[in-house]
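**Student:** Each chain is listed here by its residues.
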Amino acid sequence: MAGLDRRKLVGVVLLIALACALPLLIANYRVFQLTLVLAYAIALLGLNMLTGFNGQISLGHGAFYAIGAYTAAILMDKAGVPYWATIPIAGAVCFVAGFLFGLPALRLEGLYLALATFALGVAMPQILKHKSIEGWTGGVQGIVIVKPDAPAWSGLSQDQWLYYFTLAWVVVAFVLGWNLLRGRIGRAMVAIRDQPIAAQAMGVNTAMVKSLTFGVSALYTGVAGALGAIAVQFVAPDSFNFFLSITLLTGVVIGGLASISGAFFGALFIQFVPNVADEISKAAPWAIYGIVLIAFMYVMPTGVAGFIRLMRARLARRRAAAVPR
Amino acid sequence: MSKDPIRISRRTALGAGVALAVGGKAFAQAAKYGPGASATEIKLGQTMPYSGPASAYGTIGKLHQAYFKMMNEAGGINGRKVTLISLDDGYSPPRAVEQVRRLVEQDEVLALFQTLGTPSNSAIHKYVNAKKVPHLLLATGATKWGDPKNYPWTMGFNPSYAAEGAIYARYLLKTKPNAKIGILYQNDDYGKDLLKGVEETLTGPNAKMIVSKVSYEVSDPTVDSQILTLQGSGADTFINITTPKFAAQAVRKAWDSGWKPLHIINNVGASVGSVLVPAGLDKSVGLLTMQYYKDPNDPQWKDDPAMLEWRGFMGRHFKEGDPKDASNLYAYVTAQLMVQILKQCGNDLTRENVMRQAANLKNVKLPLLLPGMSINTSPSDYFPIEQGQLARFTGQLWQGFGELISTEARA
Numbered sequence: 005m006a007g008l009d010r011r012k013l014v015g016v017v018l019l020i021a022l023a024c025a026l027p028l029l030i031a032n033y034r035v036f037q038l039t040l041v042l043a044y045a046i047a048l049l050g051l052n053m054l055t056g057f058n059g060q061i062s063l064g065h066g067a068f069y070a071i072g073a074y075t076a077a078i079l080m081d082k083a084g085v086p087y088w089a090t091i092p093i094a095g096a097v098c099f100v101a102g103f104l105f106g107l108p109a110l111r112l113e114g115l116y117l118a119l120a121t122f123a124l125g126v127a128m129p130q131i132l133k134h135k136s137i138e139g140w141t142g143g144v145q146g147i148v149i150v151k152p153d154a155p156a157w158s159g160l161s162q163d164q165w166l167y168y169f170t171l172a173w174v175v176v177a178f179v180l181g182w183n184l185l186r187g188r189i190g191r192a193m194v195a196i197r198d199q200p201i202a203a204q205a206m207g208v209n210t211a212m213v214k215s216l217t218f219g220v221s222a223l224y225t226g227v228a229g230a231l232g233a234i235a236v237q238f239v240a241p242d243s244f245n246f247f248l249s250i251t252l253l254t255g256v257v258i259g260g261l262a263s264i265s266g267a268f269f270g271a272l273f274i275q276f277v278p279n280v281a282d283e284i285s286k287a288a289p290w291a292i293y294g295i296v297l298i299a300f301m302y303v304m305p306t307g308v309a310g311f312i313r314l315m316r317a318r319l320a321r322r323r324a325a326a327v328p329r
Numbered sequence: 015m016s017k018d019p020i021r022i023s024r025r026t027a028l029g030a031g032v033a034l035a036v037g038g039k040a041f042a043q044a045a046k047y048g049p050g051a052s053a054t055e056i057k058l059g060q061t062m063p064y065s066g067p068a069s070a071y072g073t074i075g076k077l078h079q080a081y082f083k084m085m086n087e088a089g090g091i092n093g094r095k096v097t098l099i100s101l102d103d104g105y106s107p108p109r110a111v112e113q114v115r116r117l118v119e120q121d122e123v124l125a126l127f128q129t130l131g132t133p134s135n136s137a138i139h140k141y142v143n144a145k146k147v148p149h150l151l152l153a154t155g156a157t158k159w160g161d162p163k164n165y166p167w168t169m170g171f172n173p174s175y176a177a178e179g180a181i182y183a184r185y186l187l188k189t190k191p192n193a194k195i196g197i198l199y200q201n202d203d204y205g206k207d208l209l210k211g212v213e214e215t216l217t218g219p220n221a222k223m224i225v226s227k228v229s230y231e232v233s234d235p236t237v238d239s240q241i242l243t244l245q246g247s248g249a250d251t252f253i254n255i256t257t258p259k260f261a262a263q264a265v266r267k268a269w270d271s272g273w274k275p276l277h278i279i280n281n282v283g284a285s286v287g288s289v290l291v292p293a294g295l296d297k298s299v300g301l302l303t304m305q306y307y308k309d310p311n312d313p314q315w316k317d318d319p320a321m322l323e324w325r326g327f328m329g330r331h332f333k334e335g336d337p338k339d340a341s342n343l344y345a346y347v348t349a350q351l352m353v354q355i356l357k358q359c360g361n362d363l364t365r366e367n368v369m370r371q372a373a374n375l376k377n378v379k380l381p382l383l384l385p386g387m388s389i390n391t392s393p394s395d396y397f398p399i400e401q402g403q404l405a406r407f408t409g410q411l412w413q414g415f416g417e418l419i420s421t422e423a424r425a
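Residue numbers (this note's numbering), protein chains in the order written: chain Z, 5 to 329; chain W, 15 to 425.
None of these hints come from the bench; they were simulated from the model.
Be careful, since some hints might not be right.
Cut-off 25 Å, straight-line C-alpha distance, at most; resulting in silico cross-link-like pairs (BS3-like, lysine-lysine) [claimed, not checked]: (1) W/190 <-> W/222; (2) Z/286 <-> W/338; (3) W/146 <-> W/95; (4) Z/151 <-> W/158; (5) W/146 <-> Z/151; (6) W/158 <-> Z/82; (7) W/57 <-> W/46.
Every beta carbon over 12 Å from chain W, so not counted as near; a handful from chain Z, in silico [to be verified]: (8) 35; (9) 147; (10) 148; (11) 157; (12) 165; (13) 201; (14) 208; (15) 212; (16) 278.
Ideal Cβ placement from N, Cα and C applies to all residues, glycine included.
With the sequences and hints as input, model every part of the structure.
**Tutor:** Laid out in structure tokens, this is it:
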């Protein structure tokens with residue numbers, strides 16, 4: 005991994021070690037929450053590729069999350085596929101769905117694309133309820149998934165096992181994402197966002213890169229959906245309403261646009277802030293949520309990741325100033 | 015006492031042994047506590063849609079809190095205070111799973127009480143049964159909550175939707191065997207459950223009585239076009255399986271369009287205050303429904319002692335609640351039943367005993383249910399409410415007619 009200096013590498017290794025130790029120290033219910041955080045982090049990284057790096061706004065990523073979740077659930081429930089094998093299939097299905105959706109949507113820019121994806125997000129719960137596929141999706145009743153047991157040799161609880169399983173996917177997803185975004189394709193994505201005409205003049209195949217980005221972004225979100233569904237053990241159309249799409253977008257912006265580590269901060273936000281809001285006020289939990297959101301935007305206009313970068317830069321400058329010449 | 019609390023003298027040990035031998039029986043009757051219960055407290059948990067599309071039902075959880083607060087101020091249940099931990103699930107199944115896991119694993123509640131909504135309860139159904147946590151008096155009428163063989167820890171409250179549908183069908187078979195029935199239903203499991211009750215009763219040659227059925231989505235703005243479709247099918251009888259907003263639209267449209275069929279409206283959409291008043295009371299004359307508790311907007315119960323007690327409670331302890339909203343009356347009844355179960359548990363507050371007592375309700379009378387009704391459960395019968403009465407709307411109130419009918423689900 006070029007571009008990752010030694011200090012950062014040590015930091016990443018320490019973080020992974022911490023992430024591995026955590027579930028052994030806390031209650032199963034918290035482990036379950038953290039598993040969801042990890043799943044959301046993958047989804048947010050996917051959406052961030054599209055929105056943060058490539059500059060395309062999607063208000064419909066909840067739909068891909070749903071497709072991933074349903075793919076995993078149907079494969080496990082109807083075809084008896086083992087849980088671990090459903091994840092790559094869910095990703096592949098979402099890649100195709102995202103790529104195909106990306107092709108026509110390419111003609112749409114900015115807000116028009118946002119509206120087209122909005123349509124997808126709004127329609128998804130009703131599509132899932134449709135009579136013609138009810139035999140597969142279980143209609144409004146949804147599908148209950150059997151929670152996978154940890155292998156006997158591990159001595160872990162189901163929740164701990166699922167956490168490590170999800171963590172492994174997170175590592176894979178982020179290493180691949182890192183390489184993709186720091187490489188040639190990542191630069192092309194950013195170039196299209198900032199200067200589409202210049203990018204084209206430089207020989208970037210704008211159309212291809214854009215729809216590929218859409219596909220990869222959907223793939224990540226679909227993998228996250230499948231992991232989330234296995235953790236929750238249940239999928240139903242009501243789980244994937246339009247609000248989920250907005251929540252994901254919120255997470256991306258809170259975490260930090262065009263930031264890879266931001267995905268984790270965003271995931272922590274969307275997982276825990278609603279619970280905190282509920283504890284503060286039963287009468288208007290979303291008002292509290294809104295206030296927190298505005299406070300975040302005001303204090304950290306570049307997201308949590310941007311805020312940390314800023315703080316670190318300031319600290320470094322101060323340290324440099326303190327060194328006697 | 016000796017200074018060392020761990021050292022036990024021979025005499026104490028001997029004494030304790032004798033006491034144990036003599037008072038073995040008394041010991042067995044001494045208080046027993048499972049998770050979430052102690053000499054001073056009983057912890058219950060629930061999830062409610064305080065936010066999200068079904069937030070109108072959030073008032074149920076708020077009333078429960080107010081009710082237990084009142085109980086605690088009056089001394090609690092057998093001297094124990096009831097703490098109800100009520101969490102928001104936003105009507106989203108994944109959040110319901112998360113919150114219920116918190117209630118069970120972190121807060122360690124004794125039992126879950128009135129978790130609301132079919133999707134949320136479906137999501138936690140397997141989990142609570144695997145964890146052996148009492149999952150009581152769910153605020154949903156799906157038929158699947160009364161399945162003690164496969165899910166011995168789950169018990170619903172509402173009469174099952176399927177049973178309600180069967181009652182309407184049986185009534186039509188008896189009084190109007192040549193009816194041409196048009197059905198409007200909400201396209202989710204609530205609507206389909208009720209529809210199933212109707213269809214399973216009208217089998218064989220009677221199946222032809224249903225000439226048309228159409229559905230709508232909760233997100234639809236109106237059901238006007240569905241009503242016109244039903245009218246066009248030549249139906250002369252209308253079974254209306256809708257939630258309040260759509261029920262009001264349907265009542266109005268069925269009248270305004272000149273259709274005017276024999277109109278049966280399901281209990282969910284039969285509130286005077288939230289459905290018939292907005293639809294127009296004059297347009298509601300002659301509607302039929304099935305009821306099981308007293309409607310707070312119905313003038314015939316104005317001076318009913320139970321209704322006065324409830325209004326007193328609303329005025330003193332739950333001022334922010336709307337006394338026109340039938341959900342508040344429903345919540346009051348369910349809280350009373352929960353208290354009954356806890357009282358029956360006596361000093362044996364284990365999860366096993368809570369479930370045993372929930373399945374051992376014998377002839378419990380709750381004064382806000384219709385006169386003559388009683389609640390009975392058994393280890394093989396997990397439906398607390400199994401009676402109801404047909405009622406006809408007079409233009410001012412629901413007039414019950416005929417006797418109490420059994421809503422027992424027929425397998």
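**Student:** Any hints this thing doesn't respect? Which numbers, in order?
**Tutor:** 8, 9, 10 and 16
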